[in-house]
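A.B. asks: Sequence:
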Amino acid sequence: MVAFLTYLLKSSFCLTLLYGFYKLLCASTTRFSLNRWVLVGGMLTCLLLPFVSLELEHEPLVQSPFILMEEWKQPVDVVSASGMVEITQKEANYWGWLVLSMAVYLSGCVFILLQWVVGYIRLFRWINWQEYKECNGFRWVLYDIPVRPFSWGTYIVMNSQEYEEYSPVRLHEEMHCRYGHCYDNLLIQFILIFHWWNPLVWKLRYELNGVHEYQADEGVLNQGIDVKTYQLLLVRKAVGSRLYSMACGFTHSSLKKRISMMSKRRTSKWVRLRVLLAVPLATGVVYAFARPEVKETVADYGAALQTKNQGKEKSGLMVRDTSQQRNADNLMLDHISSEKAYVLELYCNQRNQFLFGPEKPISKKKFVDYEAMTDEARKQLKDSFVKLYSEQKEEMFPIVVRIVADRNAKMGAITAAKQKLVEAYDEVRRELSKTYPQKLVNECLISRFYYASPKAYADVPAGVADKSVPLPGYEVRFLKDNVIVGELEDFSLDELSSKIKQWCKENKAENLAVSLKVPSDASEGVVYDIKQALREGYMLKLNLMNGF
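Position one of the sequence shown corresponds to residue 143 (my numbering), numbered consecutively onward.
Honestly, I wouldn't trust all of these hints.
[Claimed, not checked] Derived PhoX-like pairs: lysine-lysine, alpha-carbon spacing no greater than 25 Å straight-line: (1) K398 - K370; (2) K370 - K406; (3) K411 - K379; (4) K609 - K560; (5) K482 - K521; (6) K411 - K399; (7) K560 - K673.
Worth flagging that the hints you see were computed from the coordinates, not collected in a lab. This structure is a prediction, so every number in the text was calculated from the model and none was measured.
With the hints as extra help, turn the sequences into a complete structure.
C.D. replies: And the structure:
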């Protein structure tokens, strides 16, 4: 749902720019064919631009609103001190408003769609109620009663007397059919179903209908019809309203402007060069939609894992010596008791997207949606246990998850994903206990995680670029025998390091524990740098949570 809303906002942003571009550079010109293709081609481009994928090394400020929209895809749970996942009232209200907004939006879409369908039913009834005659490649549906002329495809509905008199009205409708204006109307109607809430899209429809009329008027005058005679005809028939918005008809909206366009001097052909200005505009839009580069990060991360491999392969299974791995990666463990383990990996990139699978080979990892995390983890855990049991029955190892993240990944996303993994562990343990020895299942499938150091880009600064700058929203408490002996809020890393030395001097370091509170949007890199400062200060016991 959020992915669709993101696309909707991006495409609406493009359509808004298109309207501004057209009004500024094209609306006043008499190159009607060019104007038509600017509108039609521009609308098609606006629908496709959000799908263009461009990755950049840096993240300019202009990209932030669109990146923020895409981060809605990842729900963030708050983990309390007891380890239970809680949904805050603010988050519940947010999702409630999101669902309500979506319901209102879909109601509008259905209303516009039904209005469109009803209009087409009425239109085709007018076409099918009467016999038609073919002339000049068109099918003429003629009525003896007064009827406002309109056309659709190769069908033209009009009064039989005007047809017999070969009125300019007849020529006008022929021009609509020759130019295929009905297909433009189909496109704008389709766009309006999804963008009914954007007033500038309705303005685009108005401009497109106007261009259709100008182009048809120009075609009539090119057939030798006198300008004054034709203008007087428009004035005489300027009574009533248009019958069907999806049909092309002899309409009289903006009559003054239509007459003005007929009398206006032909715009120079060099005006076509203005269209070239759309190229840098489209490039800027693609740049605004671009994302920081991720592919190289994943590749570099995979290469790094291959070079750091300290384990050994047994019958196609990769078993890690976790004590060596802890030293190599300078890890902060959650809980892992065995020296050897079979390792799965959860990788979180800076888009808060997850790559999950066996530690090796890298090719077996795949991107997993947050919603599908439990199912995929359950499958991986079950397959890993069954394979271990069948090939290494006498020497089973714990199945653990190694968590690796980009420095810009959100801690909230990782915490929420880890909760999904805990659920998967529990479900697989219950399922396999029915078939395999329960004691063995429990030993291998107790939830175990450990963290590797965050991955950074080659030219991106560390999580904390300046150690003297305060970190708003971060709080740390030092405890001895469950009694608070020190507390810091909105601290800088330099201040934290200084306080650690002070408190370690006043208290025995081995008896100290640390409780860390981080903001819900904290990045993995910043949190890791704080943990590094704590490790360097010999704070050996760390309880990480989102609230005291």
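A.B. asks: Which hints, by number, does the structure contradict?
C.D. replies: When the structure is compared with the hints, numbers 3 and 4 turn out to be violated.
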